[in-house]
Amino acid sequence: MTDDTLVRGTRSLLNMYQRCNIAVCEPADFEEAKLDQNWLAAMKEELLMIKRNNTWELVDRPQNRNVIGVKWVYRTKLNADDSINKLKARLVVKGYAQIFGMDYSDTFAPVSRLDTIRLLLAIAAQLNWKVYQMDVKSAFLNGVLQEEIYTEQPEGFANEGEEDKVCLLKKALYGLKQAPRAWYSRIDEHLQHLGFTKSLSESTLYIKQNGDNILIMSLYVDDLLVTGNNNNNVETFK
Amino acid sequence: MMSVFEMTDLGLMSFFLGMEVKQAKHEVFICQKKYAKEILKKFKLEDCKAVSTPMNQKEKLCKEDRAEKVDQAQFRKIVGCLMYLTATRPDILNAVSILSRFMHCASELHFKAAKRVIRYVKGTCNFGIRYTRSREFKLVGYSDSDWGGSIDDLKSTSGYCFSLGSGVFSWNSKNQETVAQSTTEAEFVAATAVVNQALWLREILSDLNLEQKESTEILVDNQAAISISNNPVFHGKTKHFNIKLFFLREVQKDGSIILIYCKTEEQAADIFTKPLPVNKFEFLRTKLGVCSS
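Quick note, the sequences are listed as chains A and B, same order.
Residue numbers for the first sequence follow the working numbering, beginning at 1 and rising by one.
Residue numbers for the second sequence follow the working numbering, beginning at 1001 and rising by one.
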C-alpha cells in the first residue's frame, strides 16, 4: 500500500492535548465529583473555609421568601508547566435567581484603573521603591451582607437530621450579585480603620502617612499592590 | 492585615493582573510576553511572518467594503484578546481601536487587518514598557488628533499619553464623538480630553504626596489650537465649541495646565491617531518607552 500524503512534521503530545481540548478532566456536577476522593477533599476544604468564616446559620425554611440554589464548580489549577497545581471546588450561589430590590440593590464595586497601577510602577522606578504584592484567599467570603438572603444547603453536605433547613447568609458567597460590593465595603472599612486615607480621585488607592514615611496601597478586588518609601512599614502592614 | 484576612504574601511583585513585572534598581519593566505568545497559539499564527508595523498605512478600513463577511465571533475574539494586550502595549492601541469599530460588520479585509496586528505582535512578543529614573519628576502629557480619519462618518481620532519622564503610563486612543469642522477643532476636542485626564492625574499625585508644583505641560502640535485657547478673543470659527474653549482657558488661567507647542515629528501621541510608516512608527514607539526586555 502506498501512502501519498507525506508526514508534515510532528507535534508534541502536549500540543495535541491542547488542540483537542481534553487537557484535564473536571467533573461537571456533584454526581461525578463525589466518586473521586480528591474532589471530595477539595469540597471539604471549601466548606471548612465557609464554616470558619461563619458564613451562614441553618434556619427553618422561611415562608414567602426566595430561597436561592447553590451549586459546586470544579476547577483544576495548573502550574506554568501544565502540571496540576491543585483541585479547587468552589460553592457558588445561583445569582441569576436573585430578585432586584429584594435580594440585592446596589452591586457596583470599584477596581483600580490600569493607569493608576502603571503610574505607581513609574513612581516606584523613579524613587527606587520596591513594589510588593499580596492576595486575599476567598476574598468574597469576607464580605458582610446587609440583605437577608436564604440559600439551599450544599448538595451532598446537608446537615444530618436538618435536611429541610436552609442557610441564612451572614457573609457573602461567590456568585451573589452583591458579593464584590460587600467585599469592597469590608476591606475599605478595615483599611480606614488601620489609618489609611482613601484617595478621592481613585477609590481603590489608599495612603498612610507617618511623618516622612508613606505607605501606598492599591486594591484590585483580591489583589493588593503595596509600595512605599520604607520597607519596614510594608512588613508591618503585612 | 494577614491576621484579619487569610492572605498570601507574594513578595516582590512579579506578575500582576496578567502583567509581568521586573524590578531592578531605579527600573521597572512590564510586559505581557506570555500572553502575547498565547494569542499567537490561540489563533494558530505561531508560524506566521512578522511585520514591522501593526497596520498598513495606505489601507483605509470602512464598514461596507463589499468584501465577504467573516465569522464575527472569531473576529471579536481576536480584537478582545488584542485589547487586553494593550495594557502594556500602547503601540498597538490605535490599530486595535480602529479594528474595534468593525465588530458588528467584520469582513475579509478587517479580518486580514486583525491578523496583521497579530503578525506585528509576533515580531515584538517580548516588548513592554520600561520605567527608569528621569532627571526631573514631572508629569508631561501629549495630545494629538487626526482629522476626519474615519471614512464612514468622517469623525476624527484623538489620542493622548502621559509620562513622568521615562515610559508612558497612561494612554488613550478614541474616535471623537462629534464631527470636527477643522483640524483646530479636532485638536481642541483631543486637548480637552487630555486636560481632564491631566487634572485627575495631578490630583492622584498630590494624594500620593508627590504634588506637581508647576503647571503640567501638555504638548500639542497645532499652533492655532494653542493660541485660541490662550487669547480670549472671539473668533467666528470657534463659536460652535465654546464650552471646551472656555474650559481650556480656565485651566490655563488657574495655572494647573499649560498647552505648549511641539513639532509634529516630536509628537508622541501621533502614534495613537493614525497608522504610520515604519521609521516614524519605530521612532515614536521608542519615545513612548516601549522596548524589548
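One or more hints might be untrue.
Claimed, not checked - Below, a sample of chain B positions facing chain A; criterion: calculated Cβ distance under 8 Å: (1) 1045; (2) 1046; (3) 1265.
What the hints assert, rightly or not - With a straight-line Cα cutoff of 25 Å, these simulated DSS-like cross-link-like pairs (lysine-lysine) come out: (4) A/44 - A/137; (5) B/1237 - A/208; (6) A/77 - B/1033; (7) B/1025 - A/86; (8) B/1237 - A/77; (9) B/1044 - B/1138; (10) B/1287 - B/1122; (11) A/198 - B/1069; (12) B/1077 - B/1274; (13) B/1253 - B/1237; (14) A/130 - B/1138; (15) A/77 - B/1060; (16) B/1122 - A/130; (17) A/171 - A/130; (18) B/1213 - A/198; (19) A/130 - B/1253; (20) B/1069 - A/77; (21) B/1025 - A/77; (22) B/1025 - A/88; (23) A/238 - B/1025; (24) A/208 - A/44; (25) B/1239 - A/130; (26) A/130 - B/1033; (27) B/1122 - B/1060; (28) B/1025 - B/1044; (29) B/1287 - A/77; (30) B/1122 - A/208; (31) B/1042 - B/1077; (32) A/238 - B/1022; (33) A/208 - A/177.
Honestly, the hints are just simulated from the structure, not real lab data.
Glycine included, each C-beta is placed from N, C-alpha and C at the ideal position.
Tested hints:
1. The interface hint given for residue 1045 of chain B is broken, as the beta carbon of that residue sits about 14 Å from the closest beta carbon of chain A, more than 8 Å.
2. The beta carbon of residue 1046 of chain B is not positioned within 8 Å of any beta carbon in chain A (closest approach about 10 Å), and the interface hint is therefore violated.
3. Below 8 Å, beta-carbon pairs count as interface contacts, and residue 1265 of chain B has none with chain A, the closest being about 25 Å; its hint is therefore violated.
4. This hinted pair checks out: residue 44 of chain A and residue 137 of chain A have alpha carbons roughly 16 Å apart, not beyond 25 Å.
5. For the proposed pair residue 1237 of chain B and residue 208 of chain A, the alpha carbon gap of about 50 Å is over 25 Å, so the pair is violated.
6. Pair hint residue 77 of chain A plus residue 1033 of chain B holds up; C-alpha atoms about 21 Å apart against a cutoff of 25 Å.
7. For the given pair, residue 1025 of chain B sits about 35 Å from residue 86 of chain A by alpha-carbon distance, which is inconsistent with the 25 Å threshold.
8. Restraint check: the Cα-Cα separation between residue 1237 of chain B and residue 77 of chain A comes to about 61 Å, which exceeds 25 Å; the hinted pair is violated.
9. Our distance criterion of 25 Å between C-alpha atoms is broken by residue 1044 of chain B and residue 1138 of chain B, whose separation comes to about 43 Å.
10. Proposed proximity of residue 1287 of chain B and residue 1122 of chain B is supported: the alpha carbons are some 21 Å apart, at most 25 Å.
11. Straight-line distance between C-alpha atoms of residue 198 of chain A and residue 1069 of chain B comes to about 49 Å, which puts the hinted pair past the 25 Å bound.
12. With a C-alpha separation of about 23 Å, the suggested pairing of residue 1077 of chain B with residue 1274 of chain B holds against the 25 Å cut-off.
13. For the hint pairing residue 1253 of chain B with residue 1237 of chain B, the CA-to-CA distance comes to about 22 Å; that is within 25 Å, so the pair holds.
14. Between the alpha carbons of residue 130 of chain A and residue 1138 of chain B the distance comes to roughly 20 Å, so the proposed pair stays at or under 25 Å and holds.
15. For a cut-off of 25 Å, the pair hint linking residue 77 of chain A to residue 1060 of chain B is broken: about 44 Å separates their Cα positions.
16. Taken as a hint, the residue 1122 of chain B and residue 130 of chain A pair is broken in the structure, with Cα atoms around 31 Å apart against an allowance of 25 Å.
17. Between residue 171 of chain A and residue 130 of chain A the alpha-carbon distance is near 35 Å, which puts this suggested pair outside the 25 Å criterion.
18. About 22 Å separates the Cα atoms of residue 1213 of chain B and residue 198 of chain A, which keeps this hinted pair within 25 Å; it holds.
19. About 38 Å separates the Cα atoms of residue 130 of chain A and residue 1253 of chain B, which puts this hinted pair outside 25 Å; it is violated.
20. Under the criterion of a C-alpha separation no larger than 25 Å, the hint pairing residue 1069 of chain B with residue 77 of chain A is inconsistent with the structure, at around 38 Å.
21. Between the alpha carbons of residue 1025 of chain B and residue 77 of chain A the distance comes to roughly 34 Å, so the proposed pair goes past 25 Å and is violated.
22. Restraint check for residue 1025 of chain B and residue 88 of chain A: the C-alpha separation of about 38 Å exceeds 25 Å, so the hint is violated.
23. For the hint linking residue 238 of chain A to residue 1025 of chain B, the alpha-carbon distance of about 23 Å falls within 25 Å, and the restraint holds.
24. Annotation: proposed proximity of residue 208 of chain A to residue 44 of chain A is violated, straight-line Cα distance about 39 Å (limit 25 Å).
25. Of the pairs offered as hints, the one joining residue 1239 of chain B and residue 130 of chain A is violated, with about 51 Å between alpha carbons and a cut-off of 25 Å exceeded.
26. For the hint pairing residue 130 of chain A with residue 1033 of chain B, the CA-to-CA distance comes to about 22 Å; that is within 25 Å, so the pair holds.
27. Among the hinted pairs, residue 1122 of chain B with residue 1060 of chain B is consistent with the structure: their alpha-carbon atoms are about 23 Å apart, no more than 25 Å.
28. A C-alpha spacing of about 38 Å is found between residue 1025 of chain B and residue 1044 of chain B, which places the hinted pair above 25 Å, so the restraint is violated.
29. Of the pairs offered as hints, the one joining residue 1287 of chain B and residue 77 of chain A is violated, with about 40 Å between alpha carbons and a cut-off of 25 Å exceeded.
30. At roughly 43 Å between alpha-carbon atoms, residue 1122 of chain B and residue 208 of chain A are farther apart than 25 Å, so this suggested pair is violated.
31. With a CA separation close to 10 Å, the supplied pair residue 1042 of chain B and residue 1077 of chain B stays within the 25 Å bound.
32. Taking the CA atoms of residue 238 of chain A and residue 1022 of chain B, the gap is near 22 Å; set against the 25 Å cutoff, the hint holds.
33. For the hint linking residue 208 of chain A to residue 177 of chain A, the alpha-carbon distance of about 31 Å lies beyond 25 Å, and the restraint is violated.
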